[in-house]
Structure formats: structure tokens, C-alpha cells
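**Student:** Listed below, chain by chain, are the residues.
Number of protein chains: 2
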Amino acid sequence: MSEVRRDIVTDTWVIVETDTSHFPKDHVIEMVSMEDECPFCEGREGLTPNEVYAIRDGSDPNTSGWKVRVIPNKAPILRIEGELTRTGVGVYDRVNGIGANEVIIETPKHTANLFELDEQQIFLILKTYNQRISDLHKDLRFRYVLIYKNHGRLAGASTISHLHSEVIALPATPIRIKQKLSGAKEYYEYKERCIFCDIIQQEIETEERLVYNDPHFVVIAPYASRFPFELLIFPRRHSYTYNDMTDAACKSLALALKKVIRALYKVLDNPPYNLILHNSPNLIPHKDYWLTIKDDFHWHIEVVPRIHRTSGFEWGTGFYINRVAPEFAATKLKEVL
Amino acid sequence: MSEVRRDIVTDTWVIVETDTSHFPKDHVIEMVSMEDECPFCEGREGLTPNEVYAIRDGSDPNTSGWKVRVIPNKAPILRIEGELTRTGVGVYDRVNGIGANEVIIETPKHTANLFELDEQQIFLILKTYNQRISDLHKDLRFRYVLIYKNHGRLAGASTISHLHSEVIALPATPIRIKQKLSGAKEYYEYKERCIFCDIIQQEIETEERLVYNDPHFVVIAPYASRFPFELLIFPRRHSYTYNDMTDAACKSLALALKKVIRALYKVLDNPPYNLILHNSPNLIPHKDYWLTIKDDFHWHIEVVPRIHRTSGFEWGTGFYINRVAPEFAATKLKEVL
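Protein chains in written order, with this note's numbering: chain A, 1 to 337; chain B, 338 to 674.
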């Protein structure tokens, strides 16, 4: 059970677990492989909640014979049922915790690293992202669907090492997305050009932070990287939504991810990392507000190695200290690509 | 050598190290005690840069006979010399890395936990905070002085376990402070009351998130805690600046810190944590802009246990998931206080 709470000073929203029964000891648990009893492996479908979606060759739901399988999170932080309500608590504000939590199981065989999959399997995972976003956008309570991946304990991964991504549908557009949307909108109002298209063009021209480049996608080490070896993956063609990606582009993205994740693995010795899809919000419930989004926003993927442990400085300021220049990171990655 | 870079999309500033010689391997280094060769221990003053300040009983600088000692950081990320300059880099913006980095060595004897010190020693540390803020505020290039403490590797601490705090003077007010300042200002414009005073009053009345309370200070588990067992320490009397704290109040704060940090140690088994002083910015270089700050801002200390490893969700959204309700955290801490 949870509540979504607003910090009235900084306008930060926090999902707070109000159930006190799972007092965390997660800072002492270490990652275990669990291959022998992994609930995500093919043949153990009975150990998970019933699937909400799967790519199957005609087999029955919740049995073997799937390529990618999507299940509700067994311990969801947000509840799918109910209406959104806002309540005052003295000076504070509270919203009830409405949303969806799903897990995308990315392969039937127990595999821990994305780059070990073949391109066709990664393509199917990326198509599943597409399907879940489209499906969850039909629910007008959900303003934003975030898909992300945690690899390794230091990146917040659970103890299940079997490859999977997380899907969270949220009742509000998160602050970090809002910052990107409004930054992009301001730039567009001033220049009448997409800020991300300009960044892509400059990075292709200067090459110094360009990590990977094909006809559909570019991968760059961003100029103001917050963390060592942080990467951004952009479609080269302007596009505000992940959902209009062609199959050909999706195949390119699968190959780009496989190569780039493998390069990080080699250079940083299997680093913990997060992969985050920053797509546009659900436009159906608020068409007018985002009238210009098709022109000014450009979807992308963040890949964030978590080899730097944030200190009181980052938490105290919102500034970041990055001791590895992105130009150096790009060079290192290109050496192994 | 470093640059301060702005992410033009999100308006996040990043200090980027441009020297590529220290490629980090810090995710594999574990905390070592180093008592035998600790450069912060009394008698090894020759192993550190020359002190910028110390509390001494008449002994010479950079010799034994001190209670608290402040030195420049040996590997500063910002340089103290030079003028602030802003440069365009294609679509990007750059500022050179001007600022001060200091280390406050908090005890002459090798000690790892703040609560092991006596109250008088903690009082001297807190007075040293005061002295460093006042001194650095004289440099009009410095807009904000942040003092913080990293305890344990997961909280970003270095390998030196000897008790110390970090001081960073920055050429701009950080975004997290700005968020707090503007939230406080908006509330004040609407209600003509300090938002923090209202929070303190409500928390004392309801008691459910109140952890500690004396005539000078209150410690609460904030309503929208981002992390399990996050705490805020406020002076009860409205005050926008740490520097007008009386000695009597400072003694109360020393006792409060000792008790609260010990309580966290007991309940969470020596957790990694950050302690962050959120004081008002340097008002001297921009008096007009902060005209109302004396009324609307209220300094405080954040104590943030780092037992939760942030995942792609937090980084992707700026939302936080906290699986321990602050009411529960307050109850647990009060049991051992």
C-alpha cells in the first residue's frame, strides 16, 4: 500500500510505502543468480502472476513456448484500481497511489546480459516496449509510462538476475520529463528547431562525443554527462514518440543496444547500469497542453552506468561531479566497438 | 582540471573533470580503515596540504595540538584562482570551474563515528562550520557554500574513515537550493508565513513524525521522505542563516546530532549516510534578489541514510520510491533515543 506525497518546498513527489511490514534489509542482500529456482525461466510460469501480454507461437497463456512475457509486478508500489484523489494533510498534499507496475521478462532462458541475446530477440523486446506503452496509454488516468532496466545491485536491481525490464505507469508526468519537455519547448519557441535535432547534428559533425552511428540511430556521450560513461541514444529522424518507430529502425536499435552495452561491459568490467526510455507523455488525456510536443520533443534512451557513488554533494545540490570527461568515454568505447 | 557544464535541456549544471588521467576504478575499492597511515590523524600534519583554519591551544599551524583542522582538498574538482567566464560550445554553454574545496578534519584521534565524540567536540565542529561559511562568503565569486558529510562507501565516502566533512564553495546557487528557496518564497507570498515554521509547528503538534525535540531544535522524519529514515533538523526559532546561531543553540545541536546519529547507527546497523547543511546562499553578492530571504527561508540539516539503492526509476523520473513510511521511521528511532 502506498501514497504519493508532495514535498511542498521543492515540488518533488514521493511514493511512500505505508505498509510497515517489509522493513528493508536490502543493503545487506547481495545479488544471487538463482538459476535453479528463477521464477522468470521458461517452464516456471506458475510461479509468477498471470501474464498481461506475451509473444507466443500459438501456445496457451502462462505455459511454455514464449519469446517475451509481461507480468504484473508481484509487489507493486502502485495500485491499478481506483480513482485519483487528492487530499490535504495539514500543510501537506497527498494523492493516492494509482498506477501500473509490470515486469517484461526478456528471454525464456536464464541470461544476465542483454548483449548475449541475438538481435532478433532484442528486437522482440523493443517491440514489446511499444505494445505496453500503447496499451497503457489507453488508460486516461496514466499520464506517463516509464520503461527502464536496472542491471546489478548498485543500479537498484532486485536479486533476480534473469534479464527483465520494469514498466511503471504514473498518474502524473514526472519532474525529470517535465524539465526535458519544457527545456525543449523553450528552445523551440526561440529557434523553431528541435533542440535534440540540433544536438544530434552537432555531435555528428564534431565526432568527439559520438560513440555509434548508423542510418537510424546515434549514440553519444552527452556534453554535460552527469555520470562517467553516461550515454544517450537518439533516433536520427525527428520523432516525438517511440511508438512510430518502423521495424527497420527497431532492428537498428536492437543492434545498437547490443553493441553499446557490450562495449560498456568490456570497458568497465560488467558495470551496474540503468537503461531508461524517455518517451513523450500520454498525449490522449491532455492534447492541448502538449500541442507543440510533436515538433519540439524527440524521444531517446539514457544509459547510465552506476560506477560512481553519489555523495552528499549531488544530493545536497542537484549538481553532479563527473570525473570522466564524455570525450574520453566516447574514445574508450569506440576502441572496443 | 574541470569545467562546469550546463545541460541545456534540463538546466542541470555538471562539473566535468577534463583530465583523463584518473580513470575511476572506485566501484571496486572497498572502505579500509588506514589507521596506521591515516593522513588526518594528529602528528601527521605534514601529509596534508597546509591548513586554512584550525582550533588550537596556542600551537603552531600544521603541527600537533589542534581540536579541529581545515585543509584544502588534495584533489580539488574546482580551482580557487581565476575569474568566472562563460563560453559557448556550439549549442552548449560552459563556465570554468571556479570554487573552493576544503576538508574539515573533525577530531585529532582516529574516530569513524560522529556519536563517539563528546558534545564539546561536536560543538567545536559546528562552530568551525560557522567560521568557514563566514570566511568563504567574503569571496564574492562564491554564491553558495555547501557543507556535507559522507559516511560509508555507499554514501560516496572516500577511503579515509577518519571523521571529516567536506566544504564546497560554488559559483552559482545549486538547483536544489533554488527549488527550496523558491518553494519557500511562493508560500510566504501567499500566506506571509515561513513554510518551515509551519511544518515545524504541525510536526510538534501531531508528533507522529517527531523524532527529537528540545528548546532549540527539532528533528523530524519529513512527510515526503525520499529515502528510508531520512531526517530533517530545524532550529525552532525562525532563522535564515546558520551563522546567527547562539552558542547555547549550537550546544543543543551538538547533543541532538550525537543522539540522532547514534539512534540511526543502532536501528540500521551503522548505515551509510549523508549529512547536508542547507543554509541560505551568500547574500552579499546579490542582496536585491534575495530581499525576502530573511523572512521566508529557514536553514536546516538533512540526514539521509543511503540504505536504498536508487534505480532507473528515480533517475528516470525525479520521483522517489520510499518503502519505509516516515511515521514508522520516527517510531523506531524514538524507541532507541
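Think of the hints as simulated: they come from the structure by calculation, not from any bench. Fair warning: this is a prediction, and the values are worked out from it, not measured in the lab. Quick reminder that beta carbons are idealized off the backbone N, C-alpha and C, glycines included. Fair warning: there could be bad hints in the mix.
Residues on chain B that point at chain A, a partial pick, calculated with CB under 8 Å [claimed, not checked]:
{"no.": "1", "residue": "Val389"}
{"no.": "2", "residue": "Ala391"}
{"no.": "3", "residue": "Ile392"}
{"no.": "4", "residue": "Gly427"}
{"no.": "5", "residue": "Val428"}
{"no.": "6", "residue": "Val432"}
{"no.": "7", "residue": "Ala492"}
{"no.": "8", "residue": "Ile512"}
{"no.": "9", "residue": "Thr654"}
**Student:** Now tell me if each hint is right for this structure.
**Tutor:** Hint check results:
1. Val389: Not OK, violated: valine 389/B not within 8 Å of chain A, min 19 Å.
2. Ala391: Check failed: Cβ of alanine 391/B comes no nearer than 23 Å to chain A, outside 8 Å.
3. Ile392: Result: violated, 23 Å to nearest chain A Cβ.
4. Gly427: With a minimum Cβ separation of about 5 Å from chain A (threshold 8 Å), the hint on glycine 427/B holds.
5. Val428: OK, holds: valine 428/B within 8 Å of chain A, min 5 Å.
6. Val432: 11 Å, violated
7. Ala492: 6 Å, holds
8. Ile512: Holds. Min distance 4 Å.
9. Thr654: Because about 3 Å separates threonine 654/B from the closest Cβ in chain A, which is inside the 8 Å limit, the hint holds.
Violated hints, in rising order: 1, 2, 3 and 6; the structure is consistent with all others.
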